[in-house]
Every structure is written in structure tokens, then in C-alpha cells.
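The lines below spell out each chain.
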Amino acid sequence: MNYGRELLKGNTDSLLLCLISRQPTYGYQIVKELEKRSNGYFQFKEGTLYPALHRLERDNLINGKWQILPNGQQRRYYYITERGQQVLANRLATWQDFSTAVKSVIQAETT
Amino acid sequence: MVSSISHYLNRFKDCLHIDQTIKDGVAEELYTHLEDKTQELEENGLSREEASKIAVQSLGSPELIAQQIYEAHAQGSWKEALFSALPHFLVALLFTSYYWQNIVYVSIILALTVGIAIYGWHRGKPIWLFPWLGYYLMPVVITGILLLSLPQGWGWIAALIYIPLALFVFIHIVRQTARRDWLYASLMLAPMLVTFSWFSSLGTGTELLASDWIARLQTNALGIVISFIALAGATIAFIRLKPRRHKIISLLIPPLVILLSVTMASRGNINSWGWLILLFSLFAFAIPVWMQARAYQ
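Order-wise, the sequence lines are chains A and B.
Heads up, the first sequence is in this note's numbering, so the first residue is -7 and it goes up one at a time.
Heads up, the second sequence is in this note's numbering, so the first residue is -10 and it goes up one at a time.
Note that these hints are calculated values from the structure, not bench results.
Fair warning: this is a prediction, and the values are worked out from it, not measured in the lab.
Restricting the straight-line Cα-Cα distance to at most 30 Å, the calculated cross-link-like pairs of lysine-lysine (BS3-like) are:
{"hint": "1", "chain 1": "B", "residue 1": "Lys68", "chain 2": "B", "residue 2": "Lys231"}
{"hint": "2", "chain 1": "B", "residue 1": "Lys42", "chain 2": "B", "residue 2": "Lys2"}
{"hint": "3", "chain 1": "A", "residue 1": "Lys37", "chain 2": "B", "residue 2": "Lys231"}
{"hint": "4", "chain 1": "B", "residue 1": "Lys231", "chain 2": "B", "residue 2": "Lys12"}
{"hint": "5", "chain 1": "B", "residue 1": "Lys68", "chain 2": "A", "residue 2": "Lys57"}
{"hint": "6", "chain 1": "A", "residue 1": "Lys1", "chain 2": "B", "residue 2": "Lys12"}
{"hint": "7", "chain 1": "A", "residue 1": "Lys57", "chain 2": "B", "residue 2": "Lys114"}
Given these sequences and hints, build the entire structure.
Quick look at the structure:
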């Protein structure tokens, strides 16, 4: 199993919450934004995005709302909820601790 | 000619068994995604046909997305699971003592069932509704059976008028439920199967009117209580489990085990009418699950 893919799978929810917390956004924009911000590192499987968004919405971490654009097109924008912000803050703190610990171990190993 | 996008969305919708409003919403969301992607590829010089084909391919298998979306929506909360199981617990409670012989207790539970079933039906048919709906339908079916059990004459005339009406109501509710999800139709009919297996084991027709019928029912009270508690457990498992295959197993096995145990324990008490009723309820219960199992092959 591809280790990078496994890592992405385990952190998909946090990445989505992080993007949505910056500004309300919709499915296709999320895919593009992830690719852009990671300089193409995250090649997100487009089909897995919507089940993940619906899981987050079910858990009341985000909220989806249909919006009609000036050109008449409809899009479903996702907003982060208060609970989503709390969960994201906890996950980021855990990630920072984890990342620091991994770095310390790896640096000690290579020096 | 059907475009790649329409074909993809039709396949997706065919595989997804959730509330119609949610299903339409997700399909619309996928449609806007596919349109965005197609437009972007067209701007890069591809033809509309090529662009839509690539857009569809990059989204992946519609069956897999439908399955994952189903799992995100199909799992009810613990509150919903317990509320779905509540009518089974109430029936079990009726038989823990002699409450089932008390018209006041039976009327309260009946009124509660009818009220909750009507409320849920008009409130978007939430997942907890279907077991309540099963008990709501029970008096409709039992009245028809009792009319047929009466001596020939007025009873039969009443039955001839009543049964087509009752069948119309029954079929309408089952169809509406199955349209939402086949498995919900089985969830709804499960209490009917269990009730009729007990009902048939005590005899039908004139045997039902025999004076020792109540005593025979009370003798079997413990078995009846265990049956309905098992059904409540199966309902909780059905609501809480996510994968559809697990839901099918949780729904199918307990009622069939109860049916088998009751018919074996009745030691040949079931007459031809009883078998007919049992077969009808068994088919009504098992067909939706069987249809679903076939869809997986």
C-alpha cells in the first residue's frame, strides 16, 4: 500500500476542514485548491471528496448550502460550523505535537 | 443520445438508496462538479464529448461513490435506533405481565403508534418511522384476517368490502416505503412476520374463538417477549450498522430464526389458513431483501 496515499486518507478530514475554515467553498474548488496549495503533491481522488464532505456534514462539522450564482448556476457551498472549528483546532494541535515528535526522532537518527 | 454525464448520474442514482431529496441534492452536486471539470477541459482545447468522458473518469466509479454516500447517510444515531426499537419494546412490555389483556394499555399503545406513524409519514419519512409503520399496518391486516375467520354470512360480505380497501392501503404504504429503500419495507414488515408466526401457532379460524385461546397465549408469553426483544435488537443493529450487507444480515436473520423457532415449537398446530398467512408475511418480508441481494450479484 502506498504510504503517501495512506497518510492522505488518514488526514483528509483535517485538510478539508482546514480549507473550508479559510473561506466557504464548493467541491470542485476544494480539489483545485488542494492541488494548488500542495504544489500538486495531493492528487485527490475526486470521487472520494463528496462522501468525505457528507460525513463531515453528518457529524455537524460543516454545513452545506445551495447558492445561486449571478450566471444562474447553482453551487453547494460548505461552511465550517463552531463544532468544526473546535475539532480542527484540536486536530491541528495534535498534528503539531506529532510532527514535532517525528522530526525530533528523525533528526536524532540522521545526526 | 445520452451524454456521458447523464449516463454516469443515472448509474449513480440507481445505486443510491437514500431519501429522494438527499439523493437529488448529491446528484446535482456531482453534476455541477462534472460540468466545471468539462468546461475547464474544453477551455484547454478538448471537444465537449472528450472533456465530459475525462471528467466522468476522473470522478471514479459511480457505484463506489453511491456506496460511500449511502454509508455517510445510512447510519442512524443511537437516539434514532432506540426510538425505532421502542414499539418492539412496548409490545414486549405488554406481554411481560397481563397488560396485553388490559384494553386501556393496548389502546394507549395503539393510539401512540398511529400518532407517531402519521407524524413520521408526513415529516419526510425519517429512518425511525418504519417499525412504527409496521405496527400501524398490523390492525389493518388483522381485521381482514378476523373477518375471514368469522362464520359465513355477514362476516364474508364485510370481508369482501374491507379486504380490497385494506390491500390498497397496505400496497400503497409498502410501495412508497420500497421506493425510498427496499430494506425499509422489510424493516417495516418484520413485526408482522413475528406476530403472525405466533398468531398462526395458536390456530386460526374457529380455534381462535376457543375459550382457552387467551390462556394459550399467556402460556407462550415468555417466548413472545423474547421474540420482540430480539426484534428490537435487530432493529437497533440495522439502524446503527453502516455497510448495506451488514444491514441485510441484521434484518434477515433474527425474524427468520424467530419464525422457525415458533413454527417448530407449535408442533403442527398450524392449519392451512395459518400456513397461508405465514407464507404471505414471509414473502412480503423477504422479497425486498432478496431483491437487494440480487442487485449485488
